[in-house]
Amino acid sequence: MRNEQRDGRVPSFPWISLATAVLAIASGLLWLVPIEIIVDAISIGDGESARVLASKIRQPLLPCCAIGLVVSAMSWTLRSRAESFYQRRLRAWFDGAIDDQPANQSIASLSRSEHFFWALWSIASVLAYDWRTLFWGYFESDDYFMVGVARDGNFPGSLLSTHNDHVLPLLRLEYSFLYEIFATNPFAYNLGVLLSFSLMLYSGCILLRECTLNRISTFVFLFLCINWSLWGEFTAGSYILQKYMQITTCGLLGCWSWIRWEKTQRRSYFAGCVLAVLVACLMNPSGYWVPCAVLVFAAMRLLSRPGSNSIRETFRDGRAIAFAVIGVVAISMAVYRFAYSLPGNNEFLTLTDEPLTLTGFAQQFFLFVSTLIVTVCFPLPHHVDKVGLLLPFLLSVSVAAAAIFICSSRALTRELKATTLAIILIMLGIITMVCLGRPIPGFDYIVAAKYLGPAYVWLCLTASFCVQGFWNATSSNNRLHWRLTQTLVGFLAIALLGHGAVELGARAELPFLDRDVSRNGKLREQIRERRAVGRLRDEVISPLEQDSHEDLRLPNLSGGAIAHALPELAFPWGERPSLRMLVPLLESRPRSIVCVPLENDPSLKIRDSISPSFIKLLHTNDLLREIVFTPLEIESRSVNASDDDVASDVKRQSPDQSQPLKIVSTDESLMLQSPSGSWDPTRYPNLRLRVLGRESLSLRLVVHGEFDTRVHHQFSVDPASEPQIDLALSTLLEYRCSNNIASLELAGSDLAKLALQKAKLVSDQRDISPADQSQ
Numbered sequence: 052m053r054n055e056q057r058d059g060r061v062p063s064f065p066w067i068s069l070a071t072a073v074l075a076i077a078s079g080l081l082w083l084v085p086i087e088i089i090v091d092a093i094s095i096g097d098g099e100s101a102r103v104l105a106s107k108i109r110q111p112l113l114p115c116c117a118i119g120l121v122v123s124a125m126s127w128t129l130r131s132r133a134e135s136f137y138q139r140r141l142r143a144w145f146d147g148a149i150d151d152q153p154a155n156q157s158i159a160s161l162s163r164s165e166h167f168f169w170a171l172w173s174i175a176s177v178l179a180y181d182w183r184t185l186f187w188g189y190f191e192s193d194d195y196f197m198v199g200v201a202r203d204g205n206f207p208g209s210l211l212s213t214h215n216d217h218v219l220p221l222l223r224l225e226y227s228f229l230y231e232i233f234a235t236n237p238f239a240y241n242l243g244v245l246l247s248f249s250l251m252l253y254s255g256c257i258l259l260r261e262c263t264l265n266r267i268s269t270f271v272f273l274f275l276c277i278n279w280s281l282w283g284e285f286t287a288g289s290y291i292l293q294k295y296m297q298i299t300t301c302g303l304l305g306c307w308s309w310i311r312w313e314k315t316q317r318r319s320y321f322a323g324c325v326l327a328v329l330v331a332c333l334m335n336p337s338g339y340w341v342p343c344a345v346l347v348f349a350a351m352r353l354l355s356r357p358g359s360n361s362i363r364e365t366f367r368d369g370r371a372i373a374f375a376v377i378g379v380v381a382i383s384m385a386v387y388r389f390a391y392s393l394p395g396n397n398e399f400l401t402l403t404d405e406p407l408t409l410t411g412f413a414q415q416f417f418l419f420v421s422t423l424i425v426t427v428c429f430p431l432p433h434h435v436d437k438v439g440l441l442l443p444f445l446l447s448v449s450v451a452a453a454a455i456f457i458c459s460s461r462a463l464t465r466e467l468k469a470t471t472l473a474i475i476l477i478m479l480g481i482i483t484m485v486c487l488g489r490p491i492p493g494f495d496y497i498v499a500a501k502y503l504g505p506a507y508v509w510l511c512l513t514a515s516f517c518v519q520g521f522w523n524a525t526s527s528n529n530r531l532h533w534r535l536t537q538t539l540v541g542f543l544a545i546a547l548l549g550h551g552a553v554e555l556g557a558r559a560e561l562p563f564l565d566r567d568v569s570r571n572g573k574l575r576e577q578i579r580e581r582r583a584v585g586r587l588r589d590e591v592i593s594p595l596e597q598d599s600h601e602d603l604r605l606p607n608l609s610g611g612a613i614a615h616a617l618p619e620l621a622f623p624w625g626e627r628p629s630l631r632m633l634v635p636l637l638e639s640r641p642r643s644i645v646c647v648p649l650e651n652d653p654s655l656k657i658r659d660s661i662s663p664s665f666i667k668l669l670h671t672n673d674l675l676r677e678i679v680f681t682p683l684e685i686e687s688r689s690v691n692a693s694d695d696d697v698a699s700d701v702k703r704q705s706p707d708q709s710q711p712l713k714i715v716s717t718d719e720s721l722m723l724q725s726p727s728g729s730w731d732p733t734r735y736p737n738l739r740l741r742v743l744g745r746e747s748l749s750l751r752l753v754v755h756g757e758f759d760t761r762v763h764h765q766f767s768v769d770p771a772s773e774p775q776i777d778l779a780l781s782t783l784l785e786y787r788c789s790n791n792i793a794s795l796e797l798a799g800s801d802l803a804k805l806a807l808q809k810a811k812l813v814s815d816q817r818d819i820s821p822a823d824q825s826q
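So for the sequence shown, the working numbering puts the first residue at 52; every next one is plus one.
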């Protein structure tokens with residue numbers, strides 16, 4: 052007690068110690084509660100997720116109780132020493148700003164050591180949170196398309212090709228550069244993503260320091276930004292999303308460069324600002340918020356200067372940057388206009404499904420802003436909707452955030468208030484751009500992390516200005532200042548625990564987090580995907596390459612067939628990459644494999660178009676057989692009987708156009724056999740059946756060809772419309788890849804109801820009636 056009162060003050064009440072002790076005791080009591088009671092209390096729906104969660108959450112309760120009690124006791128006994136150490140050693144350093152300059156330095160600026168300090172902290176933070184990305188991050192979804200375009204080598208024309216409805220010139224240039232040097236080595240792409248992330252954090256830090264914020268406010272930005280678990284979608288795969296980080300970096304560097312140019316009038320800073328705007332605009336059309344951000348930031352900073360002629364001076368001092376930015380935007384728009392006019396490119400914003408309405412925009416805008424604020428501490432607020440409290444929760448948190456901002460801004464200087472307002476306008480502008488470009492009305496959807504990311508960075512900047520305001524307000528009162536410090540540490544601890552709980556839940560594979568974005572969740576998917584691709588490479592592609600003395604030519608196996616054998620390559624949102632998309636990741640040498648499309652002429656002689664080693668391996672390789680011989684639903688189309696009779700007269704003059712089949716009935720199936728024994732599948736890609744009766748049937752077809760396999764393919768018979776149907780046998784690879792076909796087998800539970808009158812093979816689609824072709 053003597054130590055606590057040595058400075059003559061009564062020590063403050065240990066609220067943090069008491070709160071920590073209460074939470075620790077609550078954890079211990081919860082550990083004593085039977086699992087059945089916990090399951091009943093948290094069950095929603097069938098309760099399966101509750102049972103898994105209860106068993107998982109029980110394990111760390113007792114360790115958390117012990118750790119919490121130890122931390123509470125230590126903070127209780129050492130609180131006065133901690134306060135004394137903070138006041139004597141840390142406070143002055145945390146309070147340091149660039150305005151604290153030596154007398155011989157007229158312009159406040161960051162020293163080289165300060166730049167190095169924040170760069171080092173940014174890199175260390177990224178490695179602390181995302182070091183596993185270097186070794187386990189992998190390609191995903193749109194990355195396959197981007198790498199495929201880079202692999203095709205149509206450079207520089209490929210830079211102006213569209214991806215979905217966007218032109219990505221500089222991003223395609225990055226992919227081309229990486230592919231030419233590193234091919235598809237994922238380590239290089241992972242390193243590039245983490246460097247982009249580090250540069251974005253560093254840019255935010257030096258911008259805050261240049262705005263005269265102190266070190267503690269800058270650290271708050273760095274911690275809140277790196278602690279956001281939703282960065283997992285950016286850093287653990289989906290390399291294409293680094294464009295959003297790079298565009299955000301351009302926005303931060305553009306504002307920083309403008310402040311430096313305003314202070315020094317050096318042309319290099321002016322050029323850097325304009326270059327940042329140009330890079331952002333040419334990275335992606337979504338980067339057009341950057342020129343708007345730079346102009347708003349510059350205007351608000353200029354207007355904050357004291358003086359009666361502030362508007363006139365603002366126009367005078369800001370016209371140079373305004374004209375330069377407008378010129379850059381005009382140049383980039385000319386590039387995009389030319390790109391979208393090229394044949395084969397999609398039009399801009401053609402993938403928007405929902406119409407844009409004022410009500411829908413207001414709903415989406417509110418949901419976006421409120422979700423963005425809530426994710427500072429609770430990364431997955433949509434789970435609150437399971438108990439029907441999502442909208443009240445979002446609204447209450449948003450109101451609280453607004454109140455905190457208003458209270459904190461009172462102690463800011465005029466210049467910092469204007470800068471804060473500019474940052475908020477930039478954040479709202481990004482949100483508005485997303486709502487206008489991808490309208491989704493209503494409240495029953497999850498805001499995608501890839502859209503939240505850029506706006507979240509500017510929200511963290513706003514939080515730093517709030518901390519600076521409270522810091523200024525309490526700087527003259529040591530007691531209030533210490534309480535502010537404790538409150539800030541508690542808030543950051545809540546943010547750490549909120550995001551940490553999601554990461555631990557994803558690592559424990561909780562079922563209700565399987566579709567949510569987090570670092571551990573995304574890395575789990577990437578590890579599974581990488582292993583699946585590695586298995587396909589080791590078991591199929593490598594033996595084919597070893598058995599072939601020239602470049603491989605393989606059929607472009609469908610994504611559905613590959614996902615049937617390797618479910619890890621069936622992504623949650625429906626993407627299923629075909630073999631052509633996976634080839635860059637499978638081949639040992641760049642551009643050494645050619646994929647032959649299967650959608651061309653159905654009579655294509657596939658055996659003559661692909662490497663013989665593929666047919667050879669198809670007889671023995673289990674994984675390849677599972678992929679190629681995937682059960683399919685055969686396309687069937689009705690044929691008019693009268694047109695078929697006319698076509699039969701023509702075929703009498705050309706008997707090779709069709710081949711009748713004899714029908715042999717067995718106990719459980721019907722065998723369709725050729726009178727001559729076997730036939731060449733390249734001559735007859737279609738099977739025509741004439742059926743009596745009016746009942747719809749569901750049957751299965753089995754091909755007996757060169758390969759020893761029995762794959763049941765589904766097809767439907769609907770004789771109510773037309774008595775004849777054509778089945779496209781050319782879609783079945785065991786049919787097309789066989790040298791000869793011995794027979795076809797019809798089976799199924801509806802086989803007894805089938806009244807099959809006649810069956811024959813037909814040559815090609817020309818044998819189908821014009822009426823059917825029009826369908």
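There may be inaccurate statements among the hints.
Said to hold, decoys possible - Straight line, CA to CA, 27 Å or less: simulated DSSO-like cross-link-like pairs of lysine-lysine:
(1) 667 to 811
(2) 656 to 804
(3) 804 to 713
To be verified - Computed beta-carbon distance windows for the label pairs:
(4) 684 to 114: 49 to 55 Å
(5) 397 to 319: 22 to 28 Å
(6) 85 to 453: 52 to 58 Å
(7) 193 to 457: 38 to 44 Å
(8) 118 to 143: 42 to 48 Å
Honestly, the hints are just simulated from the structure, not real lab data.
Just so you know, these numbers come straight off a predicted model, no measurement behind them.
All C-beta atoms in this analysis are idealised placements derived from N, C-alpha and C, irrespective of residue type, glycine included.
Evaluation of the provided hints:
| no. | hint | result |
| --- | --- | --- |
| 1 | 667 to 811 | violated, 30 Å |
| 2 | 656 to 804 | violated, 36 Å |
| 3 | 804 to 713 | holds, 19 Å |
| 4 | 684 to 114: 49 to 55 Å | holds, 53 Å |
| 5 | 397 to 319: 22 to 28 Å | violated, 39 Å |
| 6 | 85 to 453: 52 to 58 Å | violated, 43 Å |
| 7 | 193 to 457: 38 to 44 Å | holds, 41 Å |
| 8 | 118 to 143: 42 to 48 Å | violated, 32 Å |
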